[in-house]
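**Student:** Residues per chain, in single letters:
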Amino acid sequence: MEEIPAQASKGESGDSRVASLFDFHVSAASSKTAEIPTVAELIDTQAKSACALGGLASCSEGEGSSTDGGGRLRHPGFVLFMQGAEARLYRGTFLGRPVVMKERFSKKYRHPRLDEKLTTKRTQGEARTAARARKAGIPTPCIYFVNYQNNCIYMEDMQLATTSRDYIMAVQSAGGGDSFQALQPIMDKIGQILATLHDADIIHGDLTTSNIMLKQDKTMSEPEVVLIDFGLSSVSQLNEDKGVDLYVLEKAFLSTHPNTETLFRVILKSYSKQSRKAKDVIKKLDEVRLRGRKRTMVG
Amino acid sequence: TLDLYPDTTVTMALFSQVTNGAEIRRKITDGTIAAAVINAQMICDPFQVLVAVNKAVHLDKLDRKKTKTVFGEILFNLSPGNNILAAYQKFGVQDAKSQDLLLVLLNDPQGQQLEQVYSIIQGTRIPLESLRDIVDEQKIIKLFKIPDAERKVGGLLDVVVCRMATKDAG
Numbered sequence: 004m005e006e007i008p009a010q011a012s013k014g015e016s017g018d019s020r021v022a023s024l025f026d027f028h029v030s031a032a033s034s035k036t037a038e039i040p041t042v043a044e045l046i047d048t049q050a051k052s053a054c055a056l057g058g059l060a061s062c063s064e065g066e067g068s069s070t071d072g073g074g075r076l077r078h079p080g081f082v083l084f085m086q087g088a089e090a091r092l093y094r095g096t097f098l099g100r101p102v103v104m105k106e107r108f109s110k111k112y113r114h115p116r117l118d119e120k121l122t123t124k125r126t127q128g129e130a131r132t133a134a135r136a137r138k139a140g141i142p143t144p145c146i147y148f149v150n151y152q153n154n155c156i157y158m159e160d161m162q163l164a165t166t167s168r169d170y171i172m173a174v175q176s177a178g179g180g181d182s183f184q185a186l187q188p189i190m191d192k193i194g195q196i197l198a199t200l201h202d203a204d205i206i207h208g209d210l211t212t213s214n215i216m217l218k219q220d221k222t223m224s225e226p227e228v229v230l231i232d233f234g235l236s237s238v239s240q241l242n243e244d245k246g247v248d249l250y251v252l253e254k255a256f257l258s259t260h261p262n263t264e265t266l267f268r269v270i271l272k273s274y275s276k277q278s279r280k281a282k283d284v285i286k287k288l289d290e291v292r293l294r295g296r297k298r299t300m301v302g
Numbered sequence: 736t737l738d739l740y741p742d743t744t745v746t747m748a749l750f751s752q753v754t755n756g757a758e759i760r761r762k763i764t765d766g767t768i769a770a771a772v773i774n775a776q777m778i779c780d781p782f783q784v785l786v787a788v789n790k791a792v793h794l795d796k797l798d799r800k801k802t803k804t805v806f807g808e809i810l811f812n813l814s815p816g817n818n819i820l821a822a823y824q825k826f827g828v829q830d831a832k833s834q835d836l837l838l839v840l841l842n843d844p845q846g847q848q849l850e851q852v853y854s855i856i857q858g859t860r861i862p863l864e865s866l867r868d869i870v871d872e873q874k875i876i877k878l879f880k881i882p883d884a885e886r887k888v889g890g891l892l893d894v895v896v897c898r899m900a901t902k903d904a905g
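These protein sequences, in sequence, are chains P and A.
Here the first sequence stands for residues 4 to 302, numbered as in our numbering.
Here the second sequence stands for residues 736 to 905, numbered as in our numbering.
Since the hints were derived computationally from the structure, they do not count as laboratory data.
All of these numbers come straight from a predicted model, not from anything done at the bench.
Cβ coordinates follow ideal geometry from the N, Cα and C atoms, glycine included.
Check the hints yourself; a few may be wrong.
With a straight-line Cα cutoff of 30 Å, these simulated DSSO-like cross-link-like pairs (lysine-lysine) come out [as the list claims (entries may be wrong)]: (1) A:Lys800 with P:Lys120; (2) A:Lys902 with P:Lys138; (3) A:Lys796 with P:Lys111; (4) P:Lys138 with P:Lys280.
Which stretches of chain A does chain P cover? Using the computed rule of at least three CB atoms under 8 Å from a CB of chain P, they are [what the hints assert, rightly or not]: (5) 780-794; (6) 886-895.
Some residues of chain A that are not near chain P, with every Cβ distance over 10 Å (derived) [unchecked claim]: (7) Thr744; (8) Ser854; (9) Arg860; (10) Leu863; (11) Val870.
Work out the full structure: start from the sequences and follow the hints.
**Tutor:** In structure tokens:
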């Protein structure tokens with residue numbers, strides 16, 4: 004059978020007879036209609052849709068949806084926008100600035116004293132590591148206030164930012180052949196930031212594309228990589244731990260974004276270029292890959 | 736200006752070329768002046784002060800202050816270290832013939848306390864915006880030991896505020 008080149012050059016829908024049979028190929032090929040967005044454009048789109056939703060939300064819920072059982076507002080003026088396994092995220096204003104408030108809640112199944120100690124320790128650790136990361140030059144949201152009574156961290160709300168997860172997905176769905184070129188500089192930057200992080204002996208602990216954000220405002224010619232969520236982070240000089248950190252990212256990366264092995268390699272390449280100790284870390288990464296799961300075989 | 740604790744109001748006033756520093760310091764110690772009097776050179780933005788005030792009021796309500804008064808606590812919060820005396824020395828009233836001081840009052844919506852202090856301070860009141868011209872950035876960088884890398888993450892104000900917020904996290 005003759006091979007019909009359904010993947011015609013971009014913009015051309017090819018032969019109409021072919022089109023009816025290979026409709027889906029055609030729509031992918033005619034990516035002229037969906038161009039690869041820049042980071043700034045994606046941030047803009049997300050902001051606009053958030054505004055639209057926010058408008059509806061404020062109509063129906065009034066001041067904030069963070070009520071507890073008694074009907075009192077637990078956090079007046081703050082709106083819940085995400086709930087994870089460990090914490091809830093709210094948006095609001097603090098001393099005139101837009102903030103994100105991360106509230107670690109207690110787990111009722113734990114013994115109360117242990118629970119208290121654990122949550123406080125996690126909150127403290129997160130604040131401490133975020134400060135340490137900043138000292139090393141890692142962009143991360145500025146912390147404004149930590150309330151150790153209810154384990155809430157009030158931090159800078161990066162309004163003009165998107166997760167790298169969202170961006171990679173957006174580019175891949177729009178892109179076609181060019182997506183690699185569009186994403187490569189971003190991957191390069193991510194590699195550099197991770198190298199700086201590990202050179203400062205900081206292990207993030209939960210590297211996923213949702214925890215690596217991209218920030219770009221009108222004053223910036225290129226997007227900036229920002230790391231968030233240091234809740235599971237630690238300090239370690241061991242190449243083993245750094246290798247595991249990278250492995251966790253690799254796993255998360257490849258499972259969330261299919262067919263991105265080449266992109267991840269860009270991250271590793273730029274990591275090797277930037278970090279002085281990269282060779283040993285990458286060696287450990289290879290070892291960890293062979294072992295299979297995130298395990299530190301110490302002792 | 737209001738707070739995360741809506742029943743507390745914060746008033747800030749900036750005074751330039753204050754000559755009676757010693758007298759003011761005495762009046763603070765004996766309680767005549769119930770305010771935080773801050774060395775304006777160390778403040779790059781009113782937000783920096785607000786963050787310190789917020790933490791001070793928070794700890795005051797929990798009765799977990801490190802210092803004796805909420806005003807002392809404000810000064811302590813502004814400082815990078817854990818030494819209270821050093822905080823007062825660096826961020827409080829200086830031993831200078833003429834200095835710029837930032838005054839912080841709490842719960843004075845009508846301005847009565849402000850008027851009281853006004854009469855004591857021998858200096859000219861200037862708008863808060865002038866803080867930008869008074870601040871001594873190099874002094875702040877030196878005291879907080881801010882590396883260049885950190886400054887690039889987000890201006891001086893962000894660095895200082897983050898340091899203040901995470902000081903007791905270890």
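**Student:** Against each hint, give a clear statement of whether it holds in the structure.
**Tutor:** Hint check:
no.	hint	result
1	A:Lys800 with P:Lys120	holds, 21 Å
2	A:Lys902 with P:Lys138	holds, 13 Å
3	A:Lys796 with P:Lys111	holds, 27 Å
4	P:Lys138 with P:Lys280	holds, 20 Å
5	780-794	holds (count 6)
6	886-895	holds (count 5)
7	Thr744	holds, 13 Å
8	Ser854	holds, 30 Å
9	Arg860	holds, 22 Å
10	Leu863	holds, 13 Å
11	Val870	holds, 18 Å
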